[in-house]
Structures are given as structure tokens and as C-alpha cells.
Amino acid sequence: SRIGIKLVLQDKSDEKLLLDLTPYIKNLAKIDNLAIAYDYLPQKNEYVVVLKNMQVVMPLTGIVDVAGQLKKTKAKIDKLQAEIKNKKGMLANENFTRRAPKEIVEEERNKLNDLAAQLIKLEEIKNGLR
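Sequential numbering from 40 applies to the sequence shown in this note's numbering.
These aren't lab readings, by the way, just hints derived from the structure by calculation. Ideal Cβ placement from N, Cα and C applies to all residues, glycine included. Certain hints may be false.
Ranges between beta-carbon positions, derived for each pair [what the hints assert, rightly or not]:
| # | residue 1 | residue 2 | range |
| --- | --- | --- | --- |
| 1 | Ala68 | Asn152 | 28 to 36 Å |
| 2 | Leu130 | Tyr63 | 43 to 51 Å |
| 3 | Asn84 | Lys160 | 18 to 26 Å |
Computed list of lysine-lysine pairs in DSS-like fashion (alpha-carbon distance at most 27 Å, straight line) [claimed, not checked]:
| # | residue 1 | residue 2 |
| --- | --- | --- |
| 4 | Lys160 | Lys113 |
| 5 | Lys83 | Lys69 |
| 6 | Lys113 | Lys124 |
| 7 | Lys69 | Lys165 |
| 8 | Lys126 | Lys110 |
Kindly produce the complete structure, drawing on both the sequences and the hints.
The structure is reproduced here in C-alpha cells:
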């Protein structure tokens with residue numbers, strides 16, 4: 040069976056457009072139900088995507104093994120945190136930063152920034168899984 044999604048809006052200005060688009064959204068997303076709400080607090084086992092003017096809330100019960108996904112996500116976060124610590128240590132080492140070619144040092148800084156961005160995304164996923 041297909042699922043339902045709840046769109047939690049911050050203000051009513053987007054409601055008419057979303058109501059007009061509901062049949063198309065339901066068809067494209069392959070969902071049975073699309074509800075529009077205000078002041079909704081997501082419940083346990085609901086995944087939340089926060090957008091500029093709304094939150095998209097999707098129930099996970101019966102669809103996703105929330106505990107399993109949470110465990111996997113936490114493991115990925117731990118691994119990333121270890122990699123970030125390693126890169127920070129390398130970049131804090133004056134012997135490395137003085138002796139290594141500038142391109143290599145810059146490449147390592149870029150890798151650190153990429154790892155930090157990945158960590159932020161994983162934290163958002165973890166928070167969405169609650």
C-alpha cells in the first residue's frame with residue numbers, strides 16, 4: 040500500500056497552489072494522501088524534511104526500519120567524525136603544512152570542508168529519523 044504525506048505550511052499563501060497541485064504531487068510521489076497542516080508537531084517515527092516555507096512529514100512505520108537506519112546513520116557519523124579529527128590533526132601539524140606542497144595542503148583543507156558538509160547532512164538525516 041502507498042503512504043500519505045503531510046505538508047506543514049508556515050503561512051496560508053502557499054495553500055491554494057498546493058491544493059491545485061495535489062493530484063499531480065500524489066501521482067508523481069506515488070502517495071495516496073497529501074494533507075496540508077499548520078502548527079503540526081512531528082511524531083515519533085515520522086521523517087521530516089525542512090524546506091524554506093514548509094516541512095514535509097512522512098510516516099516511517101511499516102516502511103522503514105527506523106532503529107536500523109538510525110544505527111547505520113550513527114555509525115556513519117562516528118566514522119566521519121573520526122576522519123574529520125584525523126584531517127584536523129594533519130592540518131594542525133606545522134611539519135605537514137610547511138613541508139607539503141601548497142596544492143596538497145589546499146586539497147586536504149577542501150577534503151575537510153567536504154567531510155564537514157557530509158556530517159551536517161547526516162546529522163539532519165539522524166534528526167529526521169528520531
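Verification of the hints:
1. Distance hint check: the CB atoms of alanine 68 and asparagine 152 are about 33 Å apart, consistent with the given range 28 to 36 Å.
2. Taken as a hint, the range 43 to 51 Å holds for the pair leucine 130 and tyrosine 63, whose Cβ atoms sit roughly 49 Å apart.
3. Between asparagine 84 and lysine 160 the beta carbon distance is about 21 Å. The supplied range of 18 to 26 Å therefore holds.
4. Restraint check for lysine 160 and lysine 113: the C-alpha separation of about 12 Å stays at or below 27 Å, so the hint holds.
5. Between lysine 83 and lysine 69 the CA atoms are separated by roughly 23 Å; this keeps the pair inside 27 Å, and the hint holds.
6. For the hint linking lysine 113 to lysine 124, the alpha-carbon distance of about 16 Å falls within 27 Å, and the restraint holds.
7. This hinted pair checks out: lysine 69 and lysine 165 have alpha carbons roughly 24 Å apart, not beyond 27 Å.
8. A C-alpha spacing of about 25 Å is found between lysine 126 and lysine 110, which places the hinted pair at or below 27 Å, so the restraint holds.
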